[in-house]
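**Q** So the protein sequences, as listed, match chains A and B. Heads up, the first sequence is in our numbering, so the first residue is 1 and it goes up one at a time. Heads up, the second sequence is in our numbering, so the first residue is 1 and it goes up one at a time.
Do not rely on the hints blindly, as some may be mistaken.
Every beta carbon over 10 Å from chain A, so not counted as near; a handful from chain B, in silico [what the hints assert, rightly or not]: (1) E33; (2) R78; (3) C88; (4) R124; (5) R136.
Just some of the chain B residues that point at chain A, by a computed CB distance under 10 Å [stated by the list, open to error]: (6) L13; (7) G28; (8) G30; (9) L50; (10) V75; (11) G94; (12) E116; (13) N121.
FRET-style restraints, in silico, Cβ to Cβ [stated by the list, open to error]: (14) B:T60 with A:E114: 14 to 24 Å; (15) B:D57 with A:A89: 14 to 24 Å; (16) A:P204 with B:R104: 33 to 43 Å; (17) B:R105 with A:T43: 23 to 33 Å; (18) A:A117 with B:D57: 52 to 62 Å; (19) B:L20 with A:P204: 44 to 54 Å; (20) A:E46 with B:T60: 20 to 30 Å; (21) B:T60 with A:A117: 21 to 31 Å.
Rather than coming from a laboratory, the hints here were simulated on the basis of the structure. No experiment lies behind these values; they were computed from the predicted model shown. Using N, Cα and C, we set each Cβ at its ideal position, and we do this for glycine too.
Next come the chains, spelled out residue by residue.
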Amino acid sequence: MISPTELIDARSLAGSRVVTPPRVERGKEPLVLGCFDYQRPSTLLEAGRLLAGNDGPAAVLAGGTDLLVDIRGRRHDPRILVDIKRIDALRRLDVDSAGALTIGAAVPLNEIIERAAIRRTFPGLVQAAESIATYQLRNRATAVGNLCNASPAADMAPILLALGADLMAWSPRGERTIPLSSLFVGVKKTSLAPDEIATEIRIPAPEPGLRSGFLKQQRLRGHDLAVVSAAGTYVSSTGVLRLAVGSCAPTPLLLEPIEVGRSSKAVVEEKAERAVQAAMRPISDTRASADYRRAVLPVLVKRLVADLLAEGGAP
Amino acid sequence: METASVPSGLTLLEFLRDRLHLTGTKEGCGIGECGACTVLLDEKPVTACLVLAAEADGCTVETVEGEATDGQLSVLQRAFVETGAVQCGFCTPGMIMSARGLLRRSPNPSDDEIVEAMAGNLCRCTGYEAILTAVRLCAKGGRR
Numbered sequence: 001m002i003s004p005t006e007l008i009d010a011r012s013l014a015g016s017r018v019v020t021p022p023r024v025e026r027g028k029e030p031l032v033l034g035c036f037d038y039q040r041p042s043t044l045l046e047a048g049r050l051l052a053g054n055d056g057p058a059a060v061l062a063g064g065t066d067l068l069v070d071i072r073g074r075r076h077d078p079r080i081l082v083d084i085k086r087i088d089a090l091r092r093l094d095v096d097s098a099g100a101l102t103i104g105a106a107v108p109l110n111e112i113i114e115r116a117a118i119r120r121t122f123p124g125l126v127q128a129a130e131s132i133a134t135y136q137l138r139n140r141a142t143a144v145g146n147l148c149n150a151s152p153a154a155d156m157a158p159i160l161l162a163l164g165a166d167l168m169a170w171s172p173r174g175e176r177t178i179p180l181s182s183l184f185v186g187v188k189k190t191s192l193a194p195d196e197i198a199t200e201i202r203i204p205a206p207e208p209g210l211r212s213g214f215l216k217q218q219r220l221r222g223h224d225l226a227v228v229s230a231a232g233t234y235v236s237s238t239g240v241l242r243l244a245v246g247s248c249a250p251t252p253l254l255l256e257p258i259e260v261g262r263s264s265k266a267v268v269e270e271k272a273e274r275a276v277q278a279a280m281r282p283i284s285d286t287r288a289s290a291d292y293r294r295a296v297l298p299v300l301v302k303r304l305v306a307d308l309l310a311e312g313g314a315p
Numbered sequence: 001m002e003t004a005s006v007p008s009g010l011t012l013l014e015f016l017r018d019r020l021h022l023t024g025t026k027e028g029c030g031i032g033e034c035g036a037c038t039v040l041l042d043e044k045p046v047t048a049c050l051v052l053a054a055e056a057d058g059c060t061v062e063t064v065e066g067e068a069t070d071g072q073l074s075v076l077q078r079a080f081v082e083t084g085a086v087q088c089g090f091c092t093p094g095m096i097m098s099a100r101g102l103l104r105r106s107p108n109p110s111d112d113e114i115v116e117a118m119a120g121n122l123c124r125c126t127g128y129e130a131i132l133t134a135v136r137l138c139a140k141g142g143r144r
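The following block holds chain A by itself, in its conformation from the complex:
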């Protein structure tokens, strides 16, 4: 039996024989995703048991827009997928009376985008969600999933870092609050334990007059990952500017807060630029060179700071 690689190797064509693919019975075609078990628990407890079970490595399935692609690409080989979308507690998308926001793990991005109250209070959060993928994918992809996948370019990370969000993690051992600043430990690595399920993002109630924004540099308009990204919040009453950047280091980075005080916009922009330049550790990859990232991210940050500090602008 000649393997596909041998078939396309010109050196092996000499003396080769024609191979007919084995006849596959209709209905018995090999599956593109391979074989695994699928369970859809209705409680966290059931989900926890399945994840901790002994039938081989398990993976949590929410939107599946990263997981199924990784399985198809053979970068991940779980034996069981635990679908959390029917667990009611994970579908919460609540803004409380003070404006604090809870985003459950099973909430698709489009739901966040379509909630007017969230757009009013945290426009940067909605801008980040809107920048992700396509409309179809945003009907499945989740914010929690974006964080757990922990790409250095994760689009929900910078704004959630700037907003001081926490990720709640549940396991049979109990519940844990993980400040986002401690979640990302490496490229596609989080501090979640294998038996932990990320259940929700909690964003604290906004200070009065909180402004927020997100800018993403892409190669093209439409569906693309971030070449570099920047998010920030600013509260004029306290004069504190918080910035976070993405796709310029192994993990998304939260920068030290900047006290704006009575400084001019130009001084603040310069401070922010220097902070970004000092913190970023970009690489060259298929999307951009490290030099390009070093050149563009400070510009993005300057624009973001200008927007956030603009007098009389919308939040």
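Based on the hints, put chain B in the right spot on chain A.
**A** Chain B only, in chain A's frame:
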């Protein structure tokens, strides 16, 4: 209503095409990036290649086969034909389903809304203008 027993690893796209023989829905990339496999899952446009058939248990699934009635093309389909929005036709079912999802949730969408709704569907043939015109034609008021 369809009832079936399926392997866990079977995608909704495979289920529709290989088990139900509804081959209107196409596979373009298999990783959610091209939109050729767009269907409506509980009335929401999704890429069927990234949905497990098992996940669709208890949901409604609408495919392009449901557009025409008694062999008559829908208004949306006719608009695609009339504006030249169909060349090779491979992206068309996905385009139709994205447009159908849009028009249902927003019967009179703005041009920006239309672009955002259709941006997840790639076309190598037409350059998109004719497709956007077709969708605009079907917006309430039928503007070009």
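**Q** Determine for every hint whether it applies to the structure shown.
**A** Hints, verified against the model:
no., hint, verdict
1, E33, "violated (7 Å)"
2, R78, "holds (24 Å)"
3, C88, "holds (21 Å)"
4, R124, "holds (15 Å)"
5, R136, "holds (17 Å)"
6, L13, "holds (9 Å)"
7, G28, "violated (12 Å)"
8, G30, "holds (6 Å)"
9, L50, "holds (5 Å)"
10, V75, "violated (22 Å)"
11, G94, "holds (9 Å)"
12, E116, "holds (6 Å)"
13, N121, "holds (8 Å)"
14, B:T60 with A:E114: 14 to 24 Å, "holds (20 Å)"
15, B:D57 with A:A89: 14 to 24 Å, "holds (21 Å)"
16, A:P204 with B:R104: 33 to 43 Å, "holds (37 Å)"
17, B:R105 with A:T43: 23 to 33 Å, "holds (31 Å)"
18, A:A117 with B:D57: 52 to 62 Å, "violated (32 Å)"
19, B:L20 with A:P204: 44 to 54 Å, "holds (48 Å)"
20, A:E46 with B:T60: 20 to 30 Å, "holds (26 Å)"
21, B:T60 with A:A117: 21 to 31 Å, "holds (29 Å)"
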